[in-house]
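Construct all of the structure, not just a fragment, from the sequences and the given hints.
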Amino acid sequence: MLSKEGADFTKVLKRYDIEQQVSLTPEEMAEKMLPTDEVFKKVAEEVLHMKFKTVGPTVMEALKVRDPLDIINNGLVAGMECVAKLYAEHVYFLPEIMMAAKTMEIGIAIAEKQVPGGRESKGTVIMHAAEGDPHDIGKNIAAVMVRSSGYNVIDMGRDVPIVDFIAKVEETKPLFASGTALMTTTMSAFPAEAKILQEKGINIPLMGCGGAVNREYANSYDLGIYSEKAPQTPLIAEKIRQGYDWKRIREEWDSIVGGQ
Amino acid sequence: MAVTRYTKMAYDNADDLVMGSAKHPVTYGFGLKLGAGYVVPEINYAPRPGTEKDPERLRKEYVDYITKDVLDRAITVGFPNVQLETEWVSQMNQAKLSAPVVAGQEEMCEKYHEEYGLNCGTRQTIPDQREADHGLRPGMDSAHAYPEKFFECCDIACENGADNLSVESVGGKEFADYAVTNGDIVAFLFGVGYLGSIDMTYIWEQMVDICKKNHTTPGGDTNCSGANVSMFMAGGMLDQDVQRTFSAVTRAISAARTLCAWECGALGPDKDCGYEGPIVKAIAGKPTTQEGKNCQCAHCDLQGNLIAQCCDLWSNESVEYHPEFGGTSVQCWFGSIGYESALMNTAIQLKQEKVLRDLYMYADRYRGPEAYILAYDHAFEIGQVIADNGNDLYLRSKAAGLKAAEIMLKGYESKELGLTTKQLETLQDIHKKLSALPDDTDKFVEWAIKEYKDTVPNFNMKNYDL
Chain A
0 MLSKEGADFT KVLKRYDIEQ QVSLTPEEMA EKMLPTDEVF KKVAEEVLHM KFKTVGPTVM
60 EALKVRDPLD IINNGLVAGM ECVAKLYAEH VYFLPEIMMA AKTMEIGIAI AEKQVPGGRE
120 SKGTVIMHAA EGDPHDIGKN IAAVMVRSSG YNVIDMGRDV PIVDFIAKVE ETKPLFASGT
180 ALMTTTMSAF PAEAKILQEK GINIPLMGCG GAVNREYANS YDLGIYSEKA PQTPLIAEKI
240 RQGYDWKRIR EEWDSIVGGQ
Chain B
0 MAVTRYTKMA YDNADDLVMG SAKHPVTYGF GLKLGAGYVV PEINYAPRPG TEKDPERLRK
60 EYVDYITKDV LDRAITVGFP NVQLETEWVS QMNQAKLSAP VVAGQEEMCE KYHEEYGLNC
120 GTRQTIPDQR EADHGLRPGM DSAHAYPEKF FECCDIACEN GADNLSVESV GGKEFADYAV
180 TNGDIVAFLF GVGYLGSIDM TYIWEQMVDI CKKNHTTPGG DTNCSGANVS MFMAGGMLDQ
240 DVQRTFSAVT RAISAARTLC AWECGALGPD KDCGYEGPIV KAIAGKPTTQ EGKNCQCAHC
300 DLQGNLIAQC CDLWSNESVE YHPEFGGTSV QCWFGSIGYE SALMNTAIQL KQEKVLRDLY
360 MYADRYRGPE AYILAYDHAF EIGQVIADNG NDLYLRSKAA GLKAAEIMLK GYESKELGLT
420 TKQLETLQDI HKKLSALPDD TDKFVEWAIK EYKDTVPNFN MKNYDL
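Protein chains in written order, with numbering that gives the first Met the number 0: chain A, 0 to 259; chain B, 0 to 465.
Just so you know, these hints were derived from the structure itself, not from any lab. Among the hints, a few may not be true.
Said to hold, decoys possible - Derived BS3-like pairs: lysine-lysine, alpha-carbon spacing no greater than 27 Å straight-line:
1. Lys442(B) <-> Lys13(A)
2. Lys50(A) <-> Lys432(B)
3. Lys101(A) <-> Lys228(A)
4. Lys50(A) <-> Lys431(B)
5. Lys432(B) <-> Lys101(A)
6. Lys353(B) <-> Lys199(A)
7. Lys421(B) <-> Lys13(A)
8. Lys421(B) <-> Lys41(A)
9. Lys84(A) <-> Lys421(B)
10. Lys59(B) <-> Lys3(A)
11. Lys431(B) <-> Lys52(A)
12. Lys409(B) <-> Lys10(A)
13. Lys13(A) <-> Lys353(B)
14. Lys414(B) <-> Lys442(B)
15. Lys3(A) <-> Lys353(B)
16. Lys52(A) <-> Lys432(B)
17. Lys449(B) <-> Lys52(A)
18. Lys228(A) <-> Lys238(A)
19. Lys40(A) <-> Lys50(A)
20. Lys31(A) <-> Lys421(B)
21. Lys421(B) <-> Lys10(A)
22. Lys22(B) <-> Lys10(A)
23. Lys421(B) <-> Lys50(A)
24. Lys50(A) <-> Lys449(B)
25. Lys3(A) <-> Lys414(B)
26. Lys409(B) <-> Lys432(B)
27. Lys452(B) <-> Lys52(A)
28. Lys148(B) <-> Lys95(B)
29. Lys421(B) <-> Lys101(A)
30. Lys3(A) <-> Lys292(B)
31. Lys292(B) <-> Lys10(A)
32. Lys409(B) <-> Lys13(A)
33. Lys22(B) <-> Lys32(B)
Unchecked claim - What the simulated footprint calls covered on chain A by chain B, stretch by stretch (three residues with Cβ under 8 Å from a Cβ of chain B suffice, anywhere in the stretch; the number is not a length):
34. 51 to 64
35. 80 to 94
36. 163 to 176
All C-beta atoms, glycine included, are put in the ideal place defined by N, C-alpha and C.
Below you can see the structure in the form of structure tokens.
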């Protein structure tokens, strides 16, 4: 092997990951974001620290003194919002998001049993991987993030036939639907689906995502909108919930997903 | 075909690993010799969306446009060798779509070989559409019959003239997806290192038989569906969904799996996207295809130079067919890999291949953890522990993962390899978890089944004969 003596590898490469790393701990960052109410704070901390084995008893204890809906919104969801912030700041990473979401869902399942008439979600979202496409890891991650943001996610899985997708949309009338494709030969399912939906008078946004799909492609067919990364999807969902249609999402896309 | 596990290294020491030469060269196609003293560019491409809807349009796209463009450019620039890789789009599991493409490419290669003396041939990489939830074995998937279609594709490729049969198999993918998103290295070890190896052995025993019947060379496989998912989710310097120390360990484990195809009698070269190539070449001495800096049309990795260090074929990964300023996309990217191969071959001819190898290697050695463990000296060390435990699919995978972790920890302690705090914490956790695993395979498998049967979506023991 050649000798590297005297070689200065900073002239060859720069480790931005080391230089840019955040030195704050999750606890230090979350301190200012956690609820001030001690009961809600304790519940939120269960999510923040991904304690899926103890979140149940903690929520049960909280239910003795607080309203179940408040525990969900001011405790569990608030904890998840801290996690999302830590993720955006590169303090938490994907495994933490997945485990925190699992913790939150356990807590919500317990608390919502005591909500009279059940808990209202922000809306229904259908997610699927395109017909012929077996790759769904991106869709699974996005599903966790959308569900964590308070939506009812219907996950249809991968390699979903177009007819099944259309039938599910007609049946459940979602706020919007999203599809992922990792192959250029499967992403053509999205314009085909959009065309059928329009023919049926269903004008919901149809989000195109996945490795094969780019913004230009997703914007090339009516109803089509784009999400490049999983964390962008809840941001776009919020705008749709506020009444944005697919045209306005496209127009304001950069500002909606800004910073992601 | 009997399975012979590797328990000894093909090479005596890491310094013998060089580009363009493998201990066991392979000859096929029209004058192609792989690993026989020179590096061959391997061009890979995808048809334009929509062409797959009609057999004649697809044949024309692959044969009259893509293949002809590539072979013409070889003559134009003066490249003596080229391998074409056709990664079948999923629709090609129908013979009416795939057979004319395979036969047409073969015919075109023969024509250019006879007319110009161009050494060329085709690798046909069939799609593995099998899904764990429906079943990986014939008779299990009543919805799509994907396992049956898998072997039908092997027949179609070989019967219509494929020179090299390869695949990116998906055994263990359900575990890889779970492991990567949840940061669970033990799940990756069990799913990819153990279960994935069982599946790869199962399919390749049959693939080798099909190849033999048709005089096709069985090439190789890759853990694209596992270690590459991990690597690309780890991403670049500031994309840290997955820690790059985690990704590096998954790469080492994947080598123990990729080796299975060759243990079943496949001859190489293996698949370009298997960045574990330096490790498996060190063990088996069969030619390896790699991709890096000249595959920016498809992938951006952190070892673009390093990974060329001991390749036998040099690939662009894949590019969609379309026009560019310099010609069609396949011509442009073939030019890119062709000139890089020419540089490597010049180094070989001037007996400077070890110098060029080291230049490539040092250019990325410290760029990140995965590059660090794939540097040829470290790749050799990982290969050694796999061979030392060669007869046991679990133990060799565990040994590979542990060795990779030890190499990185040692590199960090000696201040050779920089790590972020999070990368280091993840690495220490991985080392602790792998070290704590039992040395008894049966005990581990029994534990892992209980641990993951209700946790990993779509885990079905019948997929792996358990």
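Going down the list of hints, with the structure as the test:
no., hint, result
1, Lys442(B) <-> Lys13(A), "violated (45 Å)"
2, Lys50(A) <-> Lys432(B), "holds (19 Å)"
3, Lys101(A) <-> Lys228(A), "holds (20 Å)"
4, Lys50(A) <-> Lys431(B), "holds (21 Å)"
5, Lys432(B) <-> Lys101(A), "holds (22 Å)"
6, Lys353(B) <-> Lys199(A), "violated (65 Å)"
7, Lys421(B) <-> Lys13(A), "holds (18 Å)"
8, Lys421(B) <-> Lys41(A), "holds (26 Å)"
9, Lys84(A) <-> Lys421(B), "holds (17 Å)"
10, Lys59(B) <-> Lys3(A), "violated (51 Å)"
11, Lys431(B) <-> Lys52(A), "holds (22 Å)"
12, Lys409(B) <-> Lys10(A), "holds (24 Å)"
13, Lys13(A) <-> Lys353(B), "holds (26 Å)"
14, Lys414(B) <-> Lys442(B), "violated (38 Å)"
15, Lys3(A) <-> Lys353(B), "holds (14 Å)"
16, Lys52(A) <-> Lys432(B), "holds (20 Å)"
17, Lys449(B) <-> Lys52(A), "holds (18 Å)"
18, Lys228(A) <-> Lys238(A), "holds (16 Å)"
19, Lys40(A) <-> Lys50(A), "holds (14 Å)"
20, Lys31(A) <-> Lys421(B), "holds (22 Å)"
21, Lys421(B) <-> Lys10(A), "holds (25 Å)"
22, Lys22(B) <-> Lys10(A), "violated (36 Å)"
23, Lys421(B) <-> Lys50(A), "holds (20 Å)"
24, Lys50(A) <-> Lys449(B), "holds (21 Å)"
25, Lys3(A) <-> Lys414(B), "holds (14 Å)"
26, Lys409(B) <-> Lys432(B), "holds (18 Å)"
27, Lys452(B) <-> Lys52(A), "holds (18 Å)"
28, Lys148(B) <-> Lys95(B), "holds (13 Å)"
29, Lys421(B) <-> Lys101(A), "holds (22 Å)"
30, Lys3(A) <-> Lys292(B), "holds (22 Å)"
31, Lys292(B) <-> Lys10(A), "holds (19 Å)"
32, Lys409(B) <-> Lys13(A), "holds (21 Å)"
33, Lys22(B) <-> Lys32(B), "holds (13 Å)"
34, 51 to 64, "violated (count 0)"
35, 80 to 94, "holds (count 4)"
36, 163 to 176, "violated (count 0)"
In this structure, the earlier hints numbered 1, 6, 10, 14, 22, 34, 36 are contradicted, and the remaining ones agree with it.
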